[in-house]
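Undergrad: Remember, this note's numbering sits 18 above the position in the sequence shown when you count from 1.
Just so you know, the hints here were simulated from the structure itself, not pulled from any lab data. Fair warning: this is a prediction, and the values are worked out from it, not measured in the lab. Please note: incorrect hints may appear among the correct ones.
Unchecked claim - Derived CB-CB ranges, DEER-like: (1) Q258 with P317: 44 to 52 Å; (2) G140 with T206: 40 to 48 Å; (3) G185 with R273: 43 to 51 Å; (4) H104 with P317: 23 to 31 Å; (5) L313 with Q195: 34 to 42 Å; (6) G185 with H144: 37 to 45 Å; (7) L147 with A311: 24 to 32 Å; (8) H136 with V202: 41 to 49 Å.
To be verified - When the alpha-carbon atoms are kept at most 20 Å apart in a straight line, the in silico SDA-like pairs for lysine to any residue are as follows: (9) K320 with L279; (10) K320 with K301; (11) K301 with D253; (12) K320 with L177; (13) K301 with A270; (14) K320 with H122; (15) K320 with E50; (16) K320 with A173; (17) K320 with Q219; (18) K320 with T308; (19) K320 with E170.
Glycine is no exception: its CB is placed at the ideal position from the N, C-alpha and C atoms.
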Amino acid sequence: MSVRELVVLGTASQAPTRHRNHNGYLLRWDGEGLLFDPGEGTQRQMLYAGVAATDITRVCVTHFHGDHCLGLPGIIQRLSLDRVAHEVTAYFPASGQDFFDRLHYASAFHEAAVLREHPLDGPAVHVELPSFTLEARRLSHPVESYGYRLTEPDARRMLPEALAAHGVAGPDVGRLQRDGTVEVDGRTVTLDQVSEPRRGQRFAFIMDTRNCDAVAELAEGTDMLVCESTFLTADADLAQAHGHMTAGEAGATAREAGARLLVLTHFSQRYTDPNAFLADARKEFDGEITVAADLDRVPVPKRR
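Given the sequences, and given the hints that come with them, work out the whole structure.
TA: And the structure:
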């Protein structure tokens with residue numbers, strides 16, 4: 019059975035706390051494992067969360083501030099230590115190539131795994147992959163930062179009762195899906211007669227940024243929106259000055275985008291009450307909200 023869930027490895031912003039590790043998030047998406055922003059301590063958090071290096075197929079770095087990338091050396095070396103057989107692709111801002119190189123070879127190790135690099139350049143990048151499109155858009159932060167969006171193609175859901183009513187069974191079902199029509203007892207049965215549209219699922223990961231057009235574009239129509247909420251609305255001036263969003267802005271983004279589930283994370287160490295972030299976002303968004311905690315497992319909402 020396919021699994022789609024977010025494994026939260028860390029939720030702190032600039033500095034870790036006793037209860038929050040630096041950033042780190044693994045998105046399980048069927049056979050893929052996308053590791054976002056591995057901050058310091060991510061490798062150890064993976065052990066607590068039951069995540070193996072072999073689960074990682076892609077690494078997505080939003081930017082090169084330490085809380086989003088200082089775990090890269092350990093992750094990269096663990097890929098080789100565990101002899102991960104499949105290629106792993108790393109996506110990161112091209113302007114940070116020097117940082118990536120230093121993190122890649124931060125210490126001596128025997129490199130056995132294959133790590134492919136995919137630097138991101140320009141305001142928007144689209145990568146067509148076998149089962150989804152990975153999109154990156156440039157955000158607004160003191161250093162170049164990208165948000166990510168995963169979009170599954172729309173498809174069609176076969177309707178068993180309609181198939182039976184039209185006499186379509188066995189190998190004819192596959193032919194109908196492939197060709198769009200099939201002949202049954204001298205009649206032509208079309209795909210539209212026995213199926214309905216199935217909207218592809220959408221996921222967005224938005225870290226360190228002021229509110230900007232790219233935030234709305236990444237969040238549009240998402241089933242799960244993971245969004246930074248470093249500050250509370252009462253400290254909106256600080257958020258703007260340092261290139262961050264508030265929980266209230268995250269809530270407004272989810273509302274305007276029609277998101278189904280908002281996951282708040284990347285909390286400043288100045289705050290000790292997680293419920294304050296929920297209350298702040300709830301003023302703007304009446305949908306489902308999760309205030310992320312380290313080692314949470316958050317399922318992607320089931321299809322409607």
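Undergrad: Each hint: holds or not?
TA: To see whether the hints hold, each was checked on the structure:
1. Q258 with P317: 44 to 52 Å: violated (33 Å)
2. G140 with T206: 40 to 48 Å: For T206 against G140, whose Cβ atoms are near 47 Å apart, the range 40 to 48 Å holds.
3. G185 with R273: 43 to 51 Å: holds (47 Å)
4. H104 with P317: 23 to 31 Å: holds (25 Å)
5. L313 with Q195: 34 to 42 Å: holds (40 Å)
6. G185 with H144: 37 to 45 Å: Taking Cβ atoms as reference, G185 and H144 lie about 42 Å apart, which means the hint holds.
7. L147 with A311: 24 to 32 Å: holds (30 Å)
8. H136 with V202: 41 to 49 Å: About 46 Å separates the Cβ atoms of H136 and V202, which means 41 to 49 Å holds.
9. K320 with L279: Answer holds: K320 to L279 is near 11 Å, not above 20 Å.
10. K320 with K301: Not OK: K320 and K301 at ~25 Å, beyond 20 Å, violated.
11. K301 with D253: holds (16 Å)
12. K320 with L177: Given pair K320, L177 holds - Cα atoms ~18 Å apart, limit 20 Å.
13. K301 with A270: At roughly 9 Å apart (the allowed maximum being 20 Å), A270 and K301 satisfy the hint.
14. K320 with H122: violated (37 Å)
15. K320 with E50: Given that 20 Å is the threshold and the Cα spacing comes to 18 Å, the pair holds.
16. K320 with A173: It holds: about 15 Å lies between the C-alpha atoms, which stays within 20 Å.
17. K320 with Q219: holds (9 Å)
18. K320 with T308: holds (16 Å)
19. K320 with E170: With Cα atoms ~14 Å apart, K320 and E170 stay inside 20 Å; holds.
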